[in-house]
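What follows is each chain in one-letter form.
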Amino acid sequence: MLTRLTGAQLCDPQFGTPTEVRDLYLENGTVVATPDKGRRVDHEYKLDGRVLMAGAIDMHTHIGGGKVNLARLLLPERARIEKTDESIIRPLSSPVPGTWETGRRYLEMGYTTCFEPAILPANARHAHLEMADIPWLDTGGYLMLGNEDLLLEWISKGVPQRQINDYVGWMLTAHRCLAVKVVNAGGINAFKFNQRFLDVDDVHPEYRITPRQILCTLAEAIDTLGIAHPLHVHCSNLGVPGNIASTLATIGAVEGRRLHITHAQFHCYGKDGPHGFSSAANQLADRVNSSKQLSIDVGQVLFGQTVTISGDTMHQFAHRKLARPRKTIFQDLECQAGCGVLPFRYRQSQYVHGLQWAIGLELFLLVKSPYQVFLTTDHPNGAPFTGYPHLIRLLMDYDFRMSIFEQLHPDIKATSQLPSLRREYTLEEIAILTRNGPAQILGLSTQGHLQPGASGDVVVYKQDSNQESMFARPEMVFRRGKLIYRNGEFLEGCDKVSFEATPNFDTSIERELEKIWANFYCQSMSATKIGAVNATQRY
Amino acid sequence: MQNAQGKRLRLAFEIRIYYPQPKLAVAICTYCSLLCEFHPSEPLACSLRSKILSRDSSEDVVPVPRIDGHETTFDEAISFANQLLADRNRSHISGAIRSVEAARAVLALASRVGAYVDPTGSDDAFKTILAIQRQGMMTASMSEVRFRSDCIVLIGDDRLLQSFPRLIEILLQRPKSSPQIARRRIIALGPWTSEVVARLRNAGLDVSTIDIQVLSIPQSLFQWSRCNEESMTKSSNLVSRWLCEARYLSLVWSATIIDQPQADLWVERLFQWIVQRNNSHRCVGLPLSGGYVTFQQVCTWITGFPGRVLVDGDAFTYDPYRNLLSDQAIVRLHIDETTIADESAAGRQQSTIVIAPKLHERNPMPRVFIPCSVAGIDQPATFFRADAAVAIEAMDCQLNSSTKRFMSVPAILERLGVAKGC
Numbered sequence: 002m003l004t005r006l007t008g009a010q011l012c013d014p015q016f017g018t019p020t021e022v023r024d025l026y027l028e029n030g031t032v033v034a035t036p037d038k039g040r041r042v043d044h045e046y047k048l049d050g051r052v053l054m055a056g057a058i059d060m061h062t063h064i065g066g067g068k069v070n071l072a073r074l075l076l077p078e079r080a081r082i083e084k085t086d087e088s089i090i091r092p093l094s095s096p097v098p099g100t101w102e103t104g105r106r107y108l109e110m111g112y113t114t115c116f117e118p119a120i121l122p123a124n125a126r127h128a129h130l131e132m133a134d135i136p137w138l139d140t141g142g143y144l145m146l147g148n149e150d151l152l153l154e155w156i157s158k159g160v161p162q163r164q165i166n167d168y169v170g171w172m173l174t175a176h177r178c179l180a181v182k183v184v185n186a187g188g189i190n191a192f193k194f195n196q197r198f199l200d201v202d203d204v205h206p207e208y209r210i211t212p213r214q215i216l217c218t219l220a221e222a223i224d225t226l227g228i229a230h231p232l233h234v235h236c237s238n239l240g241v242p243g244n245i246a247s248t249l250a251t252i253g254a255v256e257g258r259r260l261h262i263t264h265a266q267f268h269c270y271g272k273d274g275p276h277g278f279s280s281a282a283n284q285l286a287d288r289v290n291s292s293k294q295l296s297i298d299v300g301q302v303l304f305g306q307t308v309t310i311s312g313d314t315m316h317q318f319a320h321r322k323l324a325r326p327r328k329t330i331f332q333d334l335e336c337q338a339g340c341g342v343l344p345f346r347y348r349q350s351q352y353v354h355g356l357q358w359a360i361g362l363e364l365f366l367l368v369k370s371p372y373q374v375f376l377t378t379d380h381p382n383g384a385p386f387t388g389y390p391h392l393i394r395l396l397m398d399y400d401f402r403m404s405i406f407e408q409l410h411p412d413i414k415a416t417s418q419l420p421s422l423r424r425e426y427t428l429e430e431i432a433i434l435t436r437n438g439p440a441q442i443l444g445l446s447t448q449g450h451l452q453p454g455a456s457g458d459v460v461v462y463k464q465d466s467n468q469e470s471m472f473a474r475p476e477m478v479f480r481r482g483k484l485i486y487r488n489g490e491f492l493e494g495c496d497k498v499s500f501e502a503t504p505n506f507d508t509s510i511e512r513e514l515e516k517i518w519a520n521f522y523c524q525s526m527s528a529t530k531i532g533a534v535n536a537t538q539r540y
Numbered sequence: 005m006q007n008a009q010g011k012r013l014r015l016a017f018e019i020r021i022y023y024p025q026p027k028l029a030v031a032i033c034t035y036c037s038l039l040c041e042f043h044p045s046e047p048l049a050c051s052l053r054s055k056i057l058s059r060d061s062s063e064d065v066v067p068v069p070r071i072d073g074h075e076t077t078f079d080e081a082i083s084f085a086n087q088l089l090a091d092r093n094r095s096h097i098s099g100a101i102r103s104v105e106a107a108r109a110v111l112a113l114a115s116r117v118g119a120y121v122d123p124t125g126s127d128d129a130f131k132t133i134l135a136i137q138r139q140g141m142m143t144a145s146m147s148e149v150r151f152r153s154d155c156i157v158l159i160g161d162d163r164l165l166q167s168f169p170r171l172i173e174i175l176l177q178r179p180k181s182s183p184q185i186a187r188r189r190i191i192a193l194g195p196w197t198s199e200v201v202a203r204l205r206n207a208g209l210d211v212s213t214i215d216i217q218v219l220s221i222p223q224s225l226f227q228w229s230r231c232n233e234e235s236m237t238k239s240s241n242l243v244s245r246w247l248c249e250a251r252y253l254s255l256v257w258s259a260t261i262i263d264q265p266q267a268d269l270w271v272e273r274l275f276q277w278i279v280q281r282n283n284s285h286r287c288v289g290l291p292l293s294g295g296y297v298t299f300q301q302v303c304t305w306i307t308g309f310p311g312r313v314l315v316d317g318d319a320f321t322y323d324p325y326r327n328l329l330s331d332q333a334i335v336r337l338h339i340d341e342t343t344i345a346d347e348s349a350a351g352r353q354q355s356t357i358v359i360a361p362k363l364h365e366r367n368p369m370p371r372v373f374i375p376c377s378v379a380g381i382d383q384p385a386t387f388f389r390a391d392a393a394v395a396i397e398a399m400d401c402q403l404n405s406s407t408k409r410f411m412s413v414p415a416i417l418e419r420l421g422v423a424k425g426c
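Chains U and G are the protein sequences, given in the same order.
Okay, so the first sequence: first residue is 2 according to the numbering used here, each after it adds one.
Okay, so the second sequence: first residue is 5 according to the numbering used here, each after it adds one.
The hints are simulated quantities; they were obtained by calculation from the structure and are not laboratory data.
Even glycine gets a Cβ: it sits at the ideal position worked out from N, Cα and C.
Check each hint, because a few of them may be wrong.
Residues of chain G clear of chain U, computed beta-carbon distances all greater than 10 angstroms [to be verified]:
no.	residue
1	E41
2	P44
3	S83
4	R108
5	V218
6	P222
7	S224
8	W305
To give an idea of the interface, some chain U residues facing chain G are shown, with a C-beta separation under 10 angstroms as derived from the structure [unchecked claim]:
no.	residue
9	L75
10	G99
11	T174
12	C336
13	G339
14	M471
15	S527
Here chain U stands alone, though its shape is the one from the complex (with noise of 0.2 angstroms):
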């Protein structure tokens, strides 16, 4: 069957495309050329007025695992039904919300893709089981490694890189997961052996090694199984003042090797200013523009209610005090990793959280390619995903931000250079940032454009001069070329996929872990492997 859709504006800028009135074409499922004329057109859609974008891309937000369900299983007083009102994105029942409210929810801004950034390996067959309960979204995940006793035990003891390679290749196959994520490199660990605090080139207590150490022999591991996302890194020191440091360190320590640093907002705190905490936002933001080996997500913090969701447990544990409500769950986990949560409330009036919203912005502000900087909220860290058309509008709209701004602690105006950044986001620079950026960066060929070739998600959205009204509410999304929603309606429901790596490396590691597994887990090899990831749940 061929779909048309005419009369709107393609905005679509990965091939240089320019912002036109153009039709585009889905059949079985994908974008196609221009058909011959005297082909016969089946569904046809005018949609004069429109701009269509290809399915945004989530590439970092928490949506499935054991701490998210920890999450929401904390946090149950918070599920109340709001009432609606059209004019504003109405809040979600949680934080965290269960996989039906979140499938659906994201696919009313127009998401089809969501990636959860931090899967701890044995925990790892829960995640996909739960992301395959999210309806209509294309789903993966990236492994967290990097604070394993079995990886830190062969780092100390000098084991050959290609080893490393072979463990990363066998983890990332076993656990079918699309990329590697590094969490606080050695400091979960070492928060197990009561140390509370390791910097980049602290020793570990008992394995004797360093996060530099971590880092660059796994950042050498990915570039060498060609994964094509980079490390993804959650650097040491997470909401210290005076971390840029931690951070500048931990983009040395991979020594030019390809890197992302992960909700970087949180990790670009000076200690300067009336308070001893400042932004360094530009530090950062020089050495992402000076290098395209580099990347960021911002996280950015967005006013109110929220939980904080992390594998950071030396961190977490340290801010514990701050919980609002104050409970808090911390768990060591299966000799991998851990996690903390911890409730929290962002408040517009607080010197700290008002600095922290305005760093996030400095950051996608400065950094000058809409390639290298990529629209998150570390959901629910920052905020709930719900706020992605607010933040929109912060980027698109300078007055906007500003009126915000002069809402702020007065000290903030000392220490943040946000007013004198009057850059305004475009309209393809903001379908990069969601779209095309994230699909490159995770090396998804077929998502985040509108070529033929590509898979036929495509939302569209009627023009407004309010940023978020346009991006919170779409008037159709298509999925595989299925039209399934439309102004406010679900009309049925899609197939989906679980996207994950498949890197080539020696399989005979398998050997040299099965004798050592049992010393670690409780559960065998064969159990913890995940033979296939059952993702097409038709929803």
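Since the structure of chain U is already known, use the hints to place chain G on it.
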């Protein structure tokens, strides 16, 4: 969940259940939530497993579909069950729902027909859940405790090992190569019998016992750790000294052994001590959950709540204290997908529809009985382990099952509620 016009949103999607196809080199026992692995050719040495396998089934009613006690066909039983579901405003779903697949199917059915979902095992589970929801927790998973802990405190009594017979092999015995732990001390805290303590020692464990009422354990922990470090090392109070010396202290218990009222307050106090201890030392809890843990995980990720939830379409109402339970105009649907469900369970007594591998003569005959196969024995299924941290696709290879010919619980549930469906 409502749209802008206040209309309840129907589920616009169909939930299809898939079944795992594990390629396992080992068999996995699902009779408790430890999920022990064993080679198919070697019997698993486990008292619970032996007891179940040697159970006398002579009093079981022959499992065939029945309507009002009379034999019928499977299709007729399904049709009659659908009629009952369509006739009433609400259903109440209970029973031993133990696999991920069944949990999904139950919630999908509840969404179609409107149901209050409260599976068996929630009484024990909510002792911990309520504590977490008020206070939070600080825990570790089983591999972490096994690998790292140099001092494990077993809290409770003999029932802990009766519920988890292979806890010694799975958790308490050190791995063959564990250079980090020169020595592991086990402290049995509670009214443990000498027989069980001897069993622990015979397994090569270094066991010390403190005979104390379970009820007073949290308060006692606060007292024992009140001394500062210097006084604790010189203290004649051995427990104080052991607590101080531990590099990675683990407290292991199960909610099933906490009998007192407001057991959630007991758990909450224990978690308070653990978190406080972490101000200076490393200390974790390991609450071992029973079979309810799988449903708890699935229900939480779909609805946002760990159970005791009223489901209607995609609207969910959490009812932790069972205030919304009503006897009026409901269909009681009892689902057991194991053969070891408590035969005296209250949920069976007034059931309208029972889906189970067997009926016992002592159970009152429901309006509709539909026999089913057993998850993890007749077909592979996915279960969560006792620490809720790991999900495993499990299949028990050793058993010749008489229920293999029946449909699975998820397959049966997919055919229910269709008359009332959206």
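Now the hints, each set against the structure:
For E41/G, the non-interface assignment is contradicted: its Cβ lies about 5 angstroms from the closest Cβ of chain U, within the 10 angstroms cut-off. No Cβ of chain U approaches the Cβ of P44/G within 10 angstroms, the least distance being about 13 angstroms, so the stated non-interface status holds. A cut-off of 10 angstroms between C-beta atoms confirms that S83/G is not in contact with chain U; the least separation is 25 angstroms. The Cβ of R108/G does not lie farther than 10 angstroms from every Cβ of chain U; its closest approach is about 7 angstroms, which violates its non-interface assignment.
Listed as a non-interface residue, V218/G keeps its Cβ farther than 10 angstroms from every Cβ of chain U; the least gap is roughly 24 angstroms. Every beta carbon of chain U lies more than 10 angstroms from that of P222/G, the smallest distance being close to 17 angstroms; the non-interface claim holds. Under the 10 angstroms C-beta cut-off, the non-interface status given to S224/G relative to chain U holds; the minimum distance is some 23 angstroms. Taking the minimum C-beta to C-beta distance to chain U, about 5 angstroms, the non-interface status of W305/G is violated against the 10 angstroms cut.
The beta carbon of L75/U comes within 6 angstroms of a beta carbon in chain G, closer than 10 angstroms, and the hint placing it at the interface holds. A least Cβ separation of about 4 angstroms between G99/U and chain G falls short of the 10 angstroms threshold, and the interface hint therefore holds. Interface restraint check for T174/U: the shortest CB-CB distance to chain G comes to about 14 angstroms, outside 10 angstroms, so the restraint is violated. For C336/U, the shortest C-beta to C-beta distance to chain G is roughly 5 angstroms, which falls under 10 angstroms, so the interface hint holds.
This hint holds: G339/U has a C-beta 9 angstroms from the nearest C-beta of chain G, less than the 10 angstroms allowed. The closest approach between the C-beta of M471/U and any C-beta of chain G is roughly 17 angstroms, which is over the 10 angstroms cut-off, so the hint fails. For S527/U, the suggested interface contact is upheld, since its CB lies about 4 angstroms from the closest CB of chain G, less than 10 angstroms.
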